[in-house]
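Participant: The primary structure of each chain is shown beneath.
Protein chains: 2
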Amino acid sequence: MRSMPEPKAADLDLIAVLHALADPVRLELVRRMAADGEVSCSPEYLDVPRSTLSNHWRVLREAGVTWTRAEGKARYMTLRREDLEARFPGVLGTILASATTAVVGAAPADR
Amino acid sequence: MRSMPEPKAADLDLIAVLHALADPVRLELVRRMAADGEVSCSPEYLDVPRSTLSNHWRVLREAGVTWTRAEGKARYMTLRREDLEARFPGVLGTILASATTAVVGAAPADR
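The listed protein sequences correspond, in order, to chains A and B.
The first sequence runs 17 to 127 under the working numbering.
The second sequence runs 17 to 127 under the working numbering.
Quick caveat, the hints were computed from the structure, so don't treat them as lab data.
A hint or two may mislead.
[Said to hold, decoys possible] Covered by chain B, according to a simulated footprint, are these stretches of chain A (three or more residues, beta-carbon under 8 Å):
{"hint": "1", "stretch": "25–39"}
{"hint": "2", "stretch": "97–106"}
[Claimed, not checked] Far from chain B, by Cβ distances over 10 Å, these chain A residues were calculated:
{"hint": "3", "residue": "Glu22"}
{"hint": "4", "residue": "Arg48"}
{"hint": "5", "residue": "Gly53"}
{"hint": "6", "residue": "Ser58"}
{"hint": "7", "residue": "Pro59"}
{"hint": "8", "residue": "Asp63"}
{"hint": "9", "residue": "Pro65"}
{"hint": "10", "residue": "Thr68"}
{"hint": "11", "residue": "Leu69"}
{"hint": "12", "residue": "Ala86"}
{"hint": "13", "residue": "Glu87"}
{"hint": "14", "residue": "Lys89"}
{"hint": "15", "residue": "Ala90"}
{"hint": "16", "residue": "Tyr92"}
Even for Gly, the Cβ is constructed at its ideal location relative to N, Cα and C.
Required output: the full structure, derived from the provided sequences and hints.
Facilitator: Below is the structure:
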């Protein structure tokens with residue numbers, strides 16, 4: 017299994033977290049984890065190529081938004097809600113509250 | 017004077033706003049506007065090339081984070097705080113509250 021670095025709670029960076037959330041697919045993954053708890057790495061409700069999805073999960077993990085658990089070849093992700101809340105109070109919650117309708121008309125993140 | 021499109025309040029997009037804030041220079045400009053009100057396009061406290069800064073202001077304006085006022089060749093920017101709050105309640109405020117210490121160790125936005 018490859019190394020999967022996850023920043024410590026104290027090292028969470030606001031810019032990196034905002035960047036991680038500033039993408040329609042990643043924000044949707046975050047919404048799903050917020051709603052469902054643990055999520056598999058290739059959820060069937062997302063029509064996104066596996067490699068693209070894998071990259072999105074990496075961005076989320078490296079920003080400290082998710083914990084990753086390996087089980088054989090599969091990966092299961094959960095939201096680091098408590099760490100994010102402790103470091104950036106209210107940020108994730110307010111974004112999630114606004115995300116319901118926002119994701120549909122989402123724009124590309126890197127332009 | 018060139019055209020400077022600014023999205024209507026109803027057209028503000030969460031992803032675009034998050035992307036606009038997910039950069040250390042832009043987040044610092046937003047912090048300054050939040051603290052000082054109107055800000056000139058080339059504030060002396062930022063050691064950033066004029067063209068780079070101009071691009072950052074464009075991203076902020078196009079995302080609907082700022083209003084831009086022209087006075088001769090100079091531009092003055094203010095934060096669209098009420099529009100952002102109406103559309104994404106609490107998002108800007110919680111980010112600003114977390115931004116004080118976060119910007120110093122900021123990471124590049126597009127990676």
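Participant: Are all C-beta atoms of chain B more than 10 Å from that of Asp63 (chain A)?
Facilitator: holds, 18 Å
Participant: Could you let me know if the closest chain B CB is still more than 10 Å away from the CB of Thr68 (chain A)?
Facilitator: Nearest chain B Cβ is 16 Å from Thr68 (chain A), so the label holds.
Participant: Please verify that the nearest CB of chain B lies beyond 10 Å from Ser58 (chain A)'s CB.
Facilitator: Ser58 (chain A) clear of chain B: closest Cβ-Cβ about 22 Å, beyond 10 Å.
Participant: Is it the case that Arg48 (chain A) keeps its Cβ farther than 10 Å from each residue Cβ in chain B?
Facilitator: holds, 16 Å
Participant: Between the stretch 97–106 of chain A and chain B, are there enough contacts, at least three residues with CB-CB distance under 8 Å, for the coverage claim to hold?
Facilitator: holds (count 4)
Participant: Are all beta-carbon distances from Glu87 (chain A) to chain B longer than 10 Å?
Facilitator: For Glu87 (chain A), whose nearest Cβ neighbour in chain B is about 29 Å away, the distance exceeds 10 Å, so it holds.
Participant: Can you tell me if the stretch 25–39 of chain A counts as covered by chain B, using C-beta to C-beta distances under 8 Å and a minimum of three residues?
Facilitator: Holds: 9 residues of the stretch 25–39 of chain A have a Cβ under 8 Å from chain B.
Participant: In terms of Cβ atoms, is chain B entirely out of 10 Å range of Tyr92 (chain A)?
Facilitator: holds, 25 Å
Participant: Does the claim that Lys89 (chain A) lies off the interface hold, with its Cβ farther than 10 Å from every Cβ of chain B?
Facilitator: holds, 27 Å
Participant: Is it the case that Glu22 (chain A) keeps its Cβ farther than 10 Å from each residue Cβ in chain B?
Facilitator: holds, 16 Å
Participant: Verify that the Cβ of Pro65 (chain A) lies farther than 10 Å from every Cβ atom of chain B, and report whether the claim holds or is violated.
Facilitator: holds, 20 Å
Participant: So Gly53 (chain A) supposedly isn't at the interface. Is its beta-carbon more than 10 Å from every beta-carbon in chain B?
Facilitator: Fine: 23 Å to the nearest Cβ keeps Gly53 (chain A) off the interface.
No hint from the list above goes unmet by this structure.
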